[in-house]
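Under my numbering, the first residue of the sequence shown is numbered 516, with each subsequent residue one higher.
To be clear, the hints were calculated from the coordinates, so they are not data collected in a lab.
As the structure is a prediction and not an experimental result, all values here were calculated from the model.
Any given hint could be a false lead.
To be verified - Within a straight-line C-alpha distance of at most 30 Å, the following computed BS3-like cross-link-like pairs (lysine-lysine) qualify:
| id | residue 1 | residue 2 |
| --- | --- | --- |
| 1 | Lys550 | Lys566 |
| 2 | Lys526 | Lys550 |
| 3 | Lys526 | Lys566 |
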Amino acid sequence: MQRALDAMSVKPDLVLVDGNHSIPDITLPQRCLVKGDGLSASIAAASILAKVTRDRQMDDLHVLHPEYGFATHRGYATREHQAAIQRLGLTDYHRRSFCLRDAEQLSLFRE
Numbered sequence: 516m517q518r519a520l521d522a523m524s525v526k527p528d529l530v531l532v533d534g535n536h537s538i539p540d541i542t543l544p545q546r547c548l549v550k551g552d553g554l555s556a557s558i559a560a561a562s563i564l565a566k567v568t569r570d571r572q573m574d575d576l577h578v579l580h581p582e583y584g585f586a587t588h589r590g591y592a593t594r595e596h597q598a599a600i601q602r603l604g605l606t607d608y609h610r611r612s613f614c615l616r617d618a619e620q621l622s623l624f625r626e
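Make a model of the complete structure from these sequences and hints.
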């Protein structure tokens with residue numbers, strides 16, 4: 516969100532955050548809204564745009580790495596995706612923070 520704010524030519528008076536955690540180091544006023552996509556049209560629209568963008572990125576990754584099944588699971592930690600990671604390891608595109616849930620998963624990292 517910080518990068519999005521930095522890229523804006525007009526700075527907002529208020530930043531709406533979907534969830535209950537404010538964004539660190541942002542000096543603009545913020546309002547956190549739990550389940551914000553049901554409370555704010557702006558958050559709902561941003562959520563839809565983010566989902567469509569993410570799905571397109573996953574389709575592109577599927578072309579590069581069809582063996583992971585990104586077009587099916589869209590990068591979520593489904594059983595199919597976890598099995599592919601166990602079998603093939605991580606790509607440079609995987610979020611390492613999602614793989615740190617327990618010590619066993621640390622072995623999935625490629626050096």
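Now for the hints, and whether the structure bears them out:
no.: 1; hint: Lys550 x Lys566; verdict: 16 Å, holds
no.: 2; hint: Lys526 x Lys550; verdict: 24 Å, holds
no.: 3; hint: Lys526 x Lys566; verdict: 24 Å, holds
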